[in-house]
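Chemist: Can you make the complete structure from the sequences, with help from the hints?
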Amino acid sequence: MKKRAMILCALTLLASTVFAGCSNSKNAGGSSGSSETPASASSSATDSGAQQSEVVSNDKKFTIRAGAWFLDDRAYQVAFKKAIEDGYKKLYPNAKIQWDVTLGATYFDKLKAQFASDTAPDVTFYQTLDYAKAGNLMDLSNEPWVSKMSESSKKDPTLNYEGKIYGASGWGYLGGGIWYNQELFDQLGIQPPKTAQEFLDACEKIKAAGKTPIALGFKDLWTADMFLMCWLQSYTFPNDPDFGKKLYDGTIKFDDAVIQKVYQNIETMKSKGYFNENALSIDWPQSAQLFASGEAAMIVQGPWMPASNKENIAKGGYDSFQIGFFPFMDDQGHQSLVVNSGSGLGINAKTKLVQESKDLVNLILSPEIMGPWQEGEGSLPTLEGVEVKSTDPVNDTIKQYLDSGLTLPYKLSAFMPASASNAMVDVLTKVVSGVKFDPSDLQAAQNAMEKDKATVVLPQS
Amino acid sequence: MNLKRKQVVAASLFLVPAAAIFLLFFYVPFIQSIYYSFTDWSGIGAPTFIGWDNYLHVWKDPHMTEGLKNSLKMAIFGLLVQNSLALLVAISLNRQFRTRSFIRTAFYLPVIISLVVASVVWGQMLQFDGFINAVLNQIGLGAITEDWLGNVKTSFPSIILLTQWQAIGYCAIIYLAGLQAIPKDMYEAAEIEGARGFSLFRYITLPMLMPAVSIVLFLTVVGALKLFDLPYILTNGGPGTSSYTLFLAVYNAAFKENNYGYATAGGIVLAIFIVIVSIVQLTFTRRKEVEL
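Chains as they are written, first to last, in the working numbering: chain Y, 1 to 461; chain V, 1 to 292.
These are calculated hints, taken from the structure and not from any lab test. One or more of the hints may lead you astray.
[Claimed, not checked] For lysine-lysine, the following DSSO-like pairs were computed, each having C-alpha atoms within a straight-line distance of at most 27 Å:
| id | chain 1 | residue 1 | chain 2 | residue 2 |
| --- | --- | --- | --- | --- |
| 1 | V | K153 | Y | K245 |
| 2 | V | K226 | Y | K155 |
| 3 | V | K153 | Y | K436 |
| 4 | Y | K246 | V | K60 |
| 5 | V | K69 | Y | K436 |
| 6 | Y | K110 | V | K226 |
| 7 | V | K153 | Y | K272 |
| 8 | Y | K245 | V | K60 |
| 9 | Y | K389 | Y | K155 |
| 10 | Y | K253 | V | K256 |
| 11 | Y | K261 | V | K60 |
| 12 | V | K60 | Y | K453 |
| 13 | V | K69 | Y | K133 |
Source: prediction; values computed, not measured.
Modeler: Have a look at this one:
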């Protein structure tokens, strides 16, 4: 009797293990869109958005999931979420938006697993078109907002794959450039430089005045990537619009003279002491402190810098100054800026709530929701009708550069796999640590390119 | 069904849940990972079979090759320096002196501190304007101040030295336990025979301590080859590739470059490497072990 009970117990354990292993999140309420009325059951059987709208009744009860990695508790983010929820309530009074938010890069690991297990959110922000390549995202080329996208956005490598649009350009980010302390520049009689030599001369003047010309925070490697790619941008595309494509197909190699020239400039800057001594062991917030305190005259960062700098000055009790901006430049004075979304707003190809998801995306892209949010993000408008108010005079300067120079929706790194751009950053950090630039070090990037070429989703140039 | 057979059946049934979990979460993923190591896979979509390409690229990729070299340097340093120092500390701590308990605690204390927390603190201290350089400036050694983690020559040696802060105390405790297990009468007998000082160490202590030596060497070598947290937090492998370890290279290939197939190949190379080194080391040290 006792043994029978033991056997029964073991069998029960086995069965529960098997059932636990085989169960999926559909039973746990984790499916992509859940609906509680027969109306939605019929709607989930259809794939076409047009057909869907015929059977959808707006008073149906359902939960739609929306995913993002940036919706934190900053005021404009909270307001953004609330505006979306309120707006969606007007469209679907009985619907509920379930936010699937994991802050930071962990979100992308989670999203990968969710797409692989068919549990991804119905609507999600994303950063790579690999999802479109894998069939995880819905083709949105025929959505009404596509016609409102700027021409540059339509070519954005995060949104466009093989000529089809898979995501909405939520916002337009300036890919980075040089922010400077305008007061300090005025005191030293320095004008925003137009050529690489003028830039080096400006650094020399700043150093002679006892200040650090450029604050680097390369412990955060993305800042090193931004520095390198922004400078390469101005050396490459203005002189050869196909530089990226040629690098991709091997016509141009990674040890090309133009690429070497950028590394040589950086080597010169290092040897002359134009960077902070702790460039490789501090992160970007620490480098931003150096800039805000007035110890450093320039910093290479993204569009969040004006707002971030004001906050740093207020927190640190430093003397306030007006921030200025200029892009990197080549020897002849050519410059190119990157404006892209860097991320898109897409719809899960397997969502059961097709029309509801399209309506949600449409709502998020409306001027009254997108405008204030982009203002908070320091973003540039990429959709017709969306106005972003700017109060900082530096935004006018940026606009002038955008209008006068070559603005592209992609960086050079869009034409290479992550392994190759990381190998290029390795060479950069080596040079910034004081090692003499050796062109043969770029062979690692070339090898990585040759090995991982197939993973590159080429931008539409 | 006789009694013995029934017992076997019952025992097997009890084992099935654990075996199923082990199979599902260990063996199946392991076998799958062998397949993935022959593919080009970003973690999104279907993997593409590419044969031996990943394994061939491991030997061309500076992250992996530099990581392998650094891991070996770390292992050699662990075997020669860390191990000797730990033994020396253990022998000292095994003697009778007034503050013995306090010193023993002090040596072991770093082990209970989280390596991540320690890394952040050490990172701050080793910065160019950090504590270490401030001390060097104060004692007139300003000329040798350095951004210790931002220089290709000093970044990995700094990391090796930081590992010693915890490792020596940990290994010393194992040696101490081994030393205390040696019967006192063996020393007494040897002394009666005329053995003194280094002879006692060579002919009694060392042979009797060999089981502890085997364990410490094994832990040192495997720990060195698995080194990840310190370089990940302090330098992320840089500047350049100067402070990469094999484990960090595998991690970055997977989670920074989304190169899961390649990272899996690197992981398998690392595993094979650890197995080979461990077998060689254990074979060598086991031969030297003596039993009472």
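Chemist: Each hint needs a verdict: does it hold in this structure or not?
Modeler: Status of the hints after comparison with the structure:
1. Annotation: proposed proximity of K153 (chain V) to K245 (chain Y) is violated, straight-line Cα distance about 37 Å (limit 27 Å).
2. This hinted pair does not check out: K226 (chain V) and K155 (chain Y) have alpha carbons roughly 44 Å apart, beyond 27 Å.
3. Using a Cα cut-off of 27 Å, the hinted pair K153 (chain V) and K436 (chain Y) holds, with the two alpha carbons roughly 13 Å apart.
4. Taken as a hint, the K246 (chain Y) and K60 (chain V) pair is honoured in the structure, with Cα atoms around 23 Å apart against an allowance of 27 Å.
5. Annotation: proposed proximity of K69 (chain V) to K436 (chain Y) holds, straight-line Cα distance about 22 Å (limit 27 Å).
6. For the hint pairing K110 (chain Y) with K226 (chain V), the CA-to-CA distance comes to about 26 Å; that is within 27 Å, so the pair holds.
7. The straight-line distance between the Cα atoms of K153 (chain V) and K272 (chain Y) is roughly 20 Å, inside the 27 Å bound, and the hint therefore holds.
8. Between the alpha carbons of K245 (chain Y) and K60 (chain V) the distance comes to roughly 24 Å, so the proposed pair stays at or under 27 Å and holds.
9. Of the supplied pair hints, the one linking K389 (chain Y) and K155 (chain Y) holds, its CA atoms being roughly 25 Å apart against a limit of 27 Å.
10. A distance of roughly 23 Å separates the Cα atoms of K253 (chain Y) and K256 (chain V); the hinted pair therefore holds under the 27 Å criterion.
11. Restraint check for K261 (chain Y) and K60 (chain V): satisfied, since their Cα atoms lie roughly 25 Å apart, inside the 27 Å limit.
12. Among the hinted pairs, K60 (chain V) with K453 (chain Y) is consistent with the structure: their alpha-carbon atoms are about 16 Å apart, no more than 27 Å.
13. The straight-line distance between the Cα atoms of K69 (chain V) and K133 (chain Y) is roughly 37 Å, outside the 27 Å bound, and the hint therefore fails.
In this structure, the earlier hints numbered 1, 2, 13 are contradicted, and the remaining ones agree with it.
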